[in-house]
Amino acid sequence: MKIFIIAGEDSGDKLGSAIIDGLREVTDVPPKFVGIGGNGMISRGLESIFPMSELSVMGFVEIASKYKSLKKRLNQTISSILDEKPDILLTIDAPEFCFRVAKKVKLLNKNIAVAHYVAPTVWAWRSNRAKQISNFIDQILALFPFEPRYFHDVGVRCDFVGHPIVSETLADEESVTEFKKAYSLTDEPVILCLPGSRKSEIDRLMPVFGETLEKFSNALPNARFILPSTPDVYEYSKKFLDCMPKDIIFLTPEKFGVEKYLEFKKASFKLSQLALAASGTVSLELAANNTPMVIGYDMNFLSRKIIGLMLKIDTVNLVNLVTGNRNIPECIGSNFNSEKLFLEMVRVYSNNLNQIKDFKTTMDLLGINKEPPNVRAANSLLNLFENFKTV
Numbered sequence: 001m002k003i004f005i006i007a008g009e010d011s012g013d014k015l016g017s018a019i020i021d022g023l024r025e026v027t028d029v030p031p032k033f034v035g036i037g038g039n040g041m042i043s044r045g046l047e048s049i050f051p052m053s054e055l056s057v058m059g060f061v062e063i064a065s066k067y068k069s070l071k072k073r074l075n076q077t078i079s080s081i082l083d084e085k086p087d088i089l090l091t092i093d094a095p096e097f098c099f100r101v102a103k104k105v106k107l108l109n110k111n112i113a114v115a116h117y118v119a120p121t122v123w124a125w126r127s128n129r130a131k132q133i134s135n136f137i138d139q140i141l142a143l144f145p146f147e148p149r150y151f152h153d154v155g156v157r158c159d160f161v162g163h164p165i166v167s168e169t170l171a172d173e174e175s176v177t178e179f180k181k182a183y184s185l186t187d188e189p190v191i192l193c194l195p196g197s198r199k200s201e202i203d204r205l206m207p208v209f210g211e212t213l214e215k216f217s218n219a220l221p222n223a224r225f226i227l228p229s230t231p232d233v234y235e236y237s238k239k240f241l242d243c244m245p246k247d248i249i250f251l252t253p254e255k256f257g258v259e260k261y262l263e264f265k266k267a268s269f270k271l272s273q274l275a276l277a278a279s280g281t282v283s284l285e286l287a288a289n290n291t292p293m294v295i296g297y298d299m300n301f302l303s304r305k306i307i308g309l310m311l312k313i314d315t316v317n318l319v320n321l322v323t324g325n326r327n328i329p330e331c332i333g334s335n336f337n338s339e340k341l342f343l344e345m346v347r348v349y350s351n352n353l354n355q356i357k358d359f360k361t362t363m364d365l366l367g368i369n370k371e372p373p374n375v376r377a378a379n380s381l382l383n384l385f386e387n388f389k390t391v
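The numbering used here applies: residue 1 is where the sequence shown begins, and numbers increase by one.
Source of the hints: derived by calculation from the structure; they are not laboratory data.
Please read all numbers here as calculations on a predicted model, not as lab measurements.
Where hints are given, some of them may not hold.
[As the list claims (entries may be wrong)] No farther apart than 27 Å at their CA atoms in a straight line, the calculated lysine-lysine pairs in the BS3-like style are these:
1. K180 to K255
2. K72 to K199
3. K131 to K32
4. K103 to K72
5. K180 to K106
6. K389 to K357
[As the list claims (entries may be wrong)] Just the calculated beta-carbon pair ranges, DEER-fashion:
7. N387 to D83: 24 to 32 Å
8. N109 to Q132: 35 to 43 Å
9. G45 to R347: 47 to 55 Å
10. K239 to N109: 40 to 48 Å
11. N135 to T27: 42 to 50 Å
12. N383 to K110: 13 to 21 Å
Ideal Cβ positions, reconstructed from N, Cα and C, are used throughout, including at glycine.
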């Protein structure tokens, strides 16, 4: 079996790496993997046709500014798939790119089964996409239990395979102790700052996050702040450190190396009493660590207006969506400012019991203590392969 996998950013590479591991676990003869991926998938044998980083773009305006290069890579990807003739094309998230690829491939070669990992958020906006993708997607692997019904209604097979957060290992006490010793932390409050992993997010969020943390520092003078920066953008993030409290711990691979950095990043999640975070899957990482949070996010003005008009839900936080509650405060778009973020941080720091209850509910609903999501996803792909052969 040959599988062509497309991932457009780090989170997709992580999912792709896990499903490669899962497929190797449930097959006697592991498939061959080719496609577009990052270090994780490449280290597992994927032959990447170009650097995944070229696809890591978010927002209408941002995508438009990269149109020419994305169009070139789009055509290259389609040609490569048609040449490789894989049994399965597995696209992971990044729908703006992946669906264009899948639609063209399905048009030119109907013998390639197409699966998409991470259901498009039709429950949030652009609900008509569910029907549209039924023409070129054979199966969806969903991360959330409330998603399959939206696709079953339009005839697309959709399996809830669980969210990979439930398989993540958390920091142990030894790692936490080592981290605290490295930065001379004792029993003072520790606050996490998580402004995202894209340069566009860092540009928009870090200055406001910095103002917010300064206010919080004035209100709680003994607090310590931690800013874990991803390997891809830590150099870029340095220019914003002047916006932050002067004694902030800027956690990067530069000082300790990647392996120790990742260990310490987990430790920082485990020991923090509160996080100020960008919207996204990081909220599930915080929930897994029982770390209370306040969410802040903004986009380019035009992107904000377009999405604001199309959005059908009153929250974008995943913990809120999974539980049905609204205990995670969000300051987004026109509400994204340091005063509102600061007031929410004070409120949550003072009383986080409802958030803690929601964290347990979230992990239960996402599949903790059940069959690992990557194995469930791998078996779902194998079922697609078998069913597709008999059609």
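Hint-by-hint comparison with the structure:
1. For the suggested pair K180 and K255, the alpha carbons sit about 15 Å apart, so the restraint of at most 27 Å is met.
2. Proposed proximity of K72 and K199 is supported: the alpha carbons are some 22 Å apart, at most 27 Å.
3. About 31 Å separates the Cα atoms of K131 and K32, which puts this hinted pair outside 27 Å; it is violated.
4. Of the supplied pair hints, the one linking K103 and K72 holds, its CA atoms being roughly 16 Å apart against a limit of 27 Å.
5. Note on K180 and K106: the hinted pairing is violated, with a Cα-Cα distance of about 53 Å set against a maximum of 27 Å.
6. In summary, the hint linking K389 to K357 is not supported, as the alpha carbons are separated by about 46 Å, beyond the 27 Å threshold.
7. The supplied range of 24 to 32 Å is met by N387 and D83, whose beta-carbon atoms lie about 25 Å from each other.
8. Look at N109 against Q132: about 20 Å separates their beta carbons, and that is not inside 35 to 43 Å.
9. Our hint of 47 to 55 Å for G45 and R347 holds, since their Cβ atoms are close to 48 Å apart.
10. For K239 paired with N109, a C-beta distance near 46 Å keeps the hint of 40 to 48 Å intact.
11. With their beta carbons about 29 Å apart, N135 and T27 fall outside the hinted range of 42 to 50 Å.
12. Checked against the given bound of 13 to 21 Å, the beta carbons of N383 and K110, roughly 19 Å apart, stay inside it.
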